Amino acid sequence: MYNFKSGLAQIDTVTAGFEAGTNFLVLAPPMSFAEELAYFFTKPLPGEYAVILSTNDRASEVIDAFKIMGVDKRYVGTIDAITKSSTPGIVDTNRLMFVASPTDLTGIGIKFSKMVELIFDGEFSDGEAGLFPPPVRFCVNSVSTLLMYRKLEVLYQFMHVLTSKLKKIDGVGFYLLNKESFDDKTISLIKQLMNGVIEVKIEQNTHYMRIQGMKGVSSEWLKFSIQKGQLVIGP
Amino acid sequence: MISSGIIGIDEMLGGGIPNGSWVLYSMEPGVDGQLFMISTLFSALKKGLSCLVVLPHTTFDVFKHDAAVKRGCSLEIFKKKVVYLDAADRERIQKSSKKPKEMQKKWEARIEKICNEHAVDVVFFYIDLLYDDLGLQGALSVANSAKTTSKTTVLVEHLNLEGRHSIDRFMRNYSFDLIISISSAFRSQPHFDYFTLLHTSWWPVPKRSVPFITTEGKVVPYIPKIVVTGPAHSGKSTFVTNASDFGVSIDRRDMKGDPTTVAMDFGWLHWKDFDITLYGTPGQARFDPVVPNLLNHAMGAVLLIDATKPQALERALHHVQLIREKRLPMVVAANKADLAGAMTDDEIRRYLKLPKDVPVFFISATRKTDVRFVLESLVDFISKAKY
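Respectively, the protein sequence lines represent chains C and X.
Going by this note's numbering, the residue at position 212 of the first sequence is 212; the numbering climbs one at a time, nothing skipped.
Each number in this note's numbering comes from the position in the second sequence (counting from 1) with 1000 added on.
I should point out that these hints are in silico values taken from the structure, not numbers from a laboratory.
Bear in mind the structure is a predicted one, so any value in this text is a computation, not a measurement.
All C-beta atoms in this analysis are idealised placements derived from N, C-alpha and C, irrespective of residue type, glycine included.
Any given hint could turn out to be false.
Simulated crosslink set (SDA-like; lysine to any residue; CA at most 25 Å straight-line) [claimed, not checked]:
(1) X/1080 / C/123
(2) C/185 / X/1133
(3) X/1218 / C/123
(4) X/1099 / C/156
(5) C/151 / X/1059
(6) C/114 / X/1215
(7) C/167 / C/74
(8) C/168 / X/1213
(9) X/1064 / C/92
(10) C/191 / X/1192
(11) X/1218 / C/92
(12) C/168 / X/1192
(13) C/151 / X/1080
(14) C/114 / X/1080
(15) C/151 / X/1138
(16) C/167 / X/1028
(17) X/1095 / C/148
(18) C/185 / X/1224
Quick partial rundown of chain X residues pointing at chain C, CB under 8 Å, derived from the structure [as the list claims (entries may be wrong)]:
(19) 1027
(20) 1058
(21) 1059
(22) 1061
(23) 1069
(24) 1072
(25) 1076
(26) 1128
(27) 1129
(28) 1136
(29) 1162
(30) 1183
(31) 1184
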């Protein structure tokens, strides 16, 4: 079974990384570097691929964020739910796909399947094949936006499908949710679909994170910062 | 009748969708099935019908660009008789209504007005966001309000997040005339999509799933395997070669110096919107252990016999039994029927113990028209037979 290195010693030394077929909720208040944190965990290592569903940023901004982390953009695919509404004629490529709006769950589902299919068919990275079966990291930025547009019940069912598909392809998923914008019922429902939670809090201008649900990994709060796309723990 | 825009499906439906029908395209998440509704829309527009498209999830501008890209054509078609209600209309209705019931009434009033003003023939309704806003009952009631005349056809596209349960509810509680579910076998590899005709009110189509591919802006129903089998020297290789747009035969010379198939024949053809792959089995008895494996996962079989060789019918009977064991739709092609001494329909049926519904065609495998006619009948049989 493949393990996705997290880049975080606290995880990788104990468990060898995120297990294939697992999904994590990144639960954080606004302006807490949660997006950067989720992108850091989604960053593909050599031989891996990343797919990002962006409901907040344009594809170009997502690619820039991964470039800052030193990632080869040929291994990053973006499903952009923003750009199409202002540029209706924009056309999909293998690594950049566009859906009408964050309400368009039909389109999101199709583009996700297409991108995964291209990765498995070896048609994603201009002939530069990675590992096989391809390890895929997936990030949804953000579930909060999807929840603003769609009913909780509908989104829960959709997320159930999405997380199951990721499990089937032995990928790993990170799903951003703003914990201050939704009630406990909503958060606990979404948590049911996850294998673990990466929680973020801010106290006196200091950012903390903790990881729950990974066997053997401490769920202590850790001070962290993101510097040039890299996760720095402590001091 | 309105064409679904997919000839293969029209064939299965007995010519198309009757005017005034209430149609559901139910898509599983992730399956690229949007081309079904778009194909029907393009077909209606080409026919000069007046169309209303209701798409609360997006703008018409985005929709028409997407549809044109999917179909691989220009935006020209949207200059025809098409009106729409889109995300901007949804926003206006939401802003001016406080309760779902009010919203529902406003949607219904707008749709009725447009349908009457533009004498709309066909309505294409993307239901998902209205399902969120009004619930399933409310959303379907809005869609139904478009049936301003008995001839108005309403097609609904729906994202099925609940699986079989949701389909059962649609079949039980709402009187759709046609329900097609579009699904995907989502596995890492291989990955394939298929559609299932679940219900038709006007035509006795048994429940049937057919794989499909989308290529060059079209949905192409795909029959991945038809097996052509029968005794040696009955003309199987000739049949496969003449049926195919492209094919290969793996032959060796036998003791008499005649070519005989030692592995199998392959052929591919595109016919009536179906993509079909043909497998011809070897006929020699020593290859018999191979034949059941070749019949595995086939969707139909052609039993080819030499009409002038009654002595080969015993071998043919063995092939009939193999096909029956796999419960495959079958047709019999009696080759060399133009030669003297050819057996009669009765003789063949009696010896092979064929049921009445298995057709026997008298052909010459060297004539392409004969061969294609046999395949046409088999595809028809496959798409309508009960397994």
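* Which numbered hints fail -> 1, 10, 13, 14, 18, 24, 25, 28, 30
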